[in-house]
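Undergrad: Please construct the entire structure, taking both the sequences and the accompanying hints into account.
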Amino acid sequence: MNDEELTPLQQWEQRYAGSDAVWSGRVNDSLAVALEGLPPGRALDLGCGEGVDVVWLAERGWDALGIDLSPTAIERARRAAGECGLDRGAEGAGRAHFEQGDLDRWIPRADAYDLVTASFLHARDAQARIAVLRRAADGIAVGGRLVVLSHAAPPPWATALHEHRAEMLSAHEEHTRLALDPAQWELVTARQIQREAVSPDGAPAHLEDSLLVLRRRC
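Numbering-wise (UniProt numbering), the sequence shown opens with residue 1 and increments by one.
Mixed in with the good hints there might be a few duds.
To be verified - Pair by pair, the computed Cβ-Cβ distance ranges are: (1) P182 with A131: 17 to 23 angstroms; (2) D29 with P154: 19 to 25 angstroms; (3) Q14 with P155: 19 to 25 angstroms; (4) G18 with R124: 17 to 23 angstroms; (5) R79 with G101: 16 to 22 angstroms; (6) I107 with A158: 33 to 39 angstroms; (7) Q127 with G61: 19 to 25 angstroms; (8) Q192 with S19: 26 to 32 angstroms; (9) A158 with I130: 21 to 27 angstroms; (10) Q14 with R217: 22 to 28 angstroms; (11) A183 with R79: 40 to 46 angstroms.
It should be emphasised that the hints constitute simulated quantities derived from the structure, not laboratory data.
C-beta: ideal position from N, C-alpha, C; glycine also.
TA: Quick look at the structure:
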């Protein structure tokens with residue numbers, strides 16, 4: 001069975017099975033800057049993977065929930081939170097907790113979160129991704145924020161043999177696609193970010209990301 005015949009769940013489980021840690025284990029600098037100065041509250045991370053962003057939020061006082069399709073990713077995330085005592089709420093910190101679930105079917109409670117983050121959220125297609133983000137926006141309380149960090153361009157080492165099939169949008173294009181009511185949502189940030197990286201062959205490279213931040217007015 002090739003990758004295209006696998007379900008999304010099977011694809012992710014296969015990917016996690018190939019490595020003890022798929023992701024870097026470090027919060028993205030752009031996300032950290034975007035959240036700087038926000039008072040802690042209730043947070044949700046969409047497609048949380050191995051939980052690094054959720055743990056980072058909990059360390060800073062947030063009651064943070066991560067949702068991911070992969071049971072393996074959720075198991076690793078829970079283990080990471082437990083090692084820090086954040087699964088119970090460490091002294092002077094918040095709490096990190098996790099749920100396995102399909103975001104295509106997930107519906108949030110109204111006004112449930114003060115912050116929703118989506119860092120490089122994977123979806124079956126662009127329309128499904130926008131639908132997930134719109135539903136997440138419905139769960140944000142007044143004054144809360146939606147923070148979306150995305151790839152804005154393929155990595156420089158991508159070739160025709162390694163095609164990047166996902167549609168990549170600028171922050172302004174993603175904002176337009178979301179089409180949230182401007183009377184309810186203030187655009188805080190929509191910009192491109194360049195970050196340093198290392199290519200598969202070890203050469204230094206630069207990657208282009210987009211950062212979109214929206215605040216709920218009412």
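Undergrad: So, for every hint listed, does it hold in this structure?
TA: To see whether the hints hold, each was checked on the structure:
1. P182 with A131: 17 to 23 angstroms: Once the Cβ atoms are compared, 20 angstroms apart, the range 17 to 23 angstroms for A131 and P182 holds.
2. D29 with P154: 19 to 25 angstroms: holds (21 angstroms)
3. Q14 with P155: 19 to 25 angstroms: holds (21 angstroms)
4. G18 with R124: 17 to 23 angstroms: holds (21 angstroms)
5. R79 with G101: 16 to 22 angstroms: holds (18 angstroms)
6. I107 with A158: 33 to 39 angstroms: For I107 and A158 the Cβ distance comes to about 35 angstroms; the hint holds.
7. Q127 with G61: 19 to 25 angstroms: With Cβ atoms ~36 angstroms apart, the hint is violated.
8. Q192 with S19: 26 to 32 angstroms: About 30 angstroms separates the Cβ atoms of Q192 and S19, which means 26 to 32 angstroms holds.
9. A158 with I130: 21 to 27 angstroms: Hint holds: Cβ distance 23 angstroms, inside 21 to 27 angstroms.
10. Q14 with R217: 22 to 28 angstroms: violated (43 angstroms)
11. A183 with R79: 40 to 46 angstroms: The hint (40 to 46 angstroms, Cβ to Cβ) holds, given that A183 and R79 are roughly 43 angstroms apart.
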